[in-house]
Amino acid sequence: KAGVTQTPRYLIKTRGQQVTLSCSPISGHRSVSWYQQTPGQGLQFLFEYFSETQRNKGNFPGRFSGRQFSNSRSEMNVSTLELGDSALYLCASRVEVAGGSEQFFGPGTRLTVL
Amino acid sequence: AQRVTQPEKLLSVFKGAPVELKCNYSYSGSPELFWYVQYSRQRLQLLLRHISRESIKGFTADLNKGETSFHLKKPFAQEEDSAMYYCALSEGWGKFQFGAGTQVVVTP
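Note that the protein sequences, when read in sequence, are chains A and B.
With our numbering applied, the first sequence covers 1 to 114.
With our numbering applied, the second sequence covers 1 to 108.
Hints listed in this document are in silico derivations from the structure and should not be mistaken for laboratory results.
Treat the hints with care, since some could be wrong.
Said to hold, decoys possible - Here are a few chain A residues that face chain B, going by a calculated C-beta distance under 7 Å:
(1) S33
(2) F64
(3) F105
These numbers come from a predicted model, not from an experiment.
Beta carbons are placed, not taken as given, at the ideal position from N, Cα and C, and that holds for glycine.
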């Protein structure tokens, strides 16, 4: 099976702009989570979608939003970009397995805000 | 609040020496814990889950509920073990709390 894919891999934007990142989960996985990874804060949970519904949300401002489509692909949007939004954004798809779950990560989208 | 603590930012060991990465957690429910590894220029990948109680690449981790710990151990470190290791706790619904990570450097 193909792994989790994310596009684009790199993005450069300026303050005030908005950006949309895309994630395609592993085939058959219906849960998609998004994380922000920075050197200072580490990996922080943004939100999780399952069957097109947001089930869980982290502590990020409303500028960060997402959605999931019927084919489980997900997009994340950040509006009014700030310098502090520069980070690696990771997407993960999750599947229930015996006794718990397993989460598989994509390669990430490196966002730089100038 | 739920939290995962990895007290060591950097662990430097010699090849063949034992290595132990510490992870402590605070969680009000029954925890589901994981270790993830990120090799240089590769994506984050699952190393092992506490539920499966298996050994992967020679690594084991035991959940100690009394000490709220999930330390990762390997008796003989190899150079290919050099990587960033993250301890993670699942809060359910796809939400994982990650520790800050421990960089392991294995020198020959």
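Taking the hints in turn, this is what the structure says about them:
{"no.": "1", "hint": "S33", "in the structure": "4 Å, holds"}
{"no.": "2", "hint": "F64", "in the structure": "15 Å, violated"}
{"no.": "3", "hint": "F105", "in the structure": "4 Å, holds"}
The structure does not agree with numbered hint 2 stated previously, though it agrees with all others.
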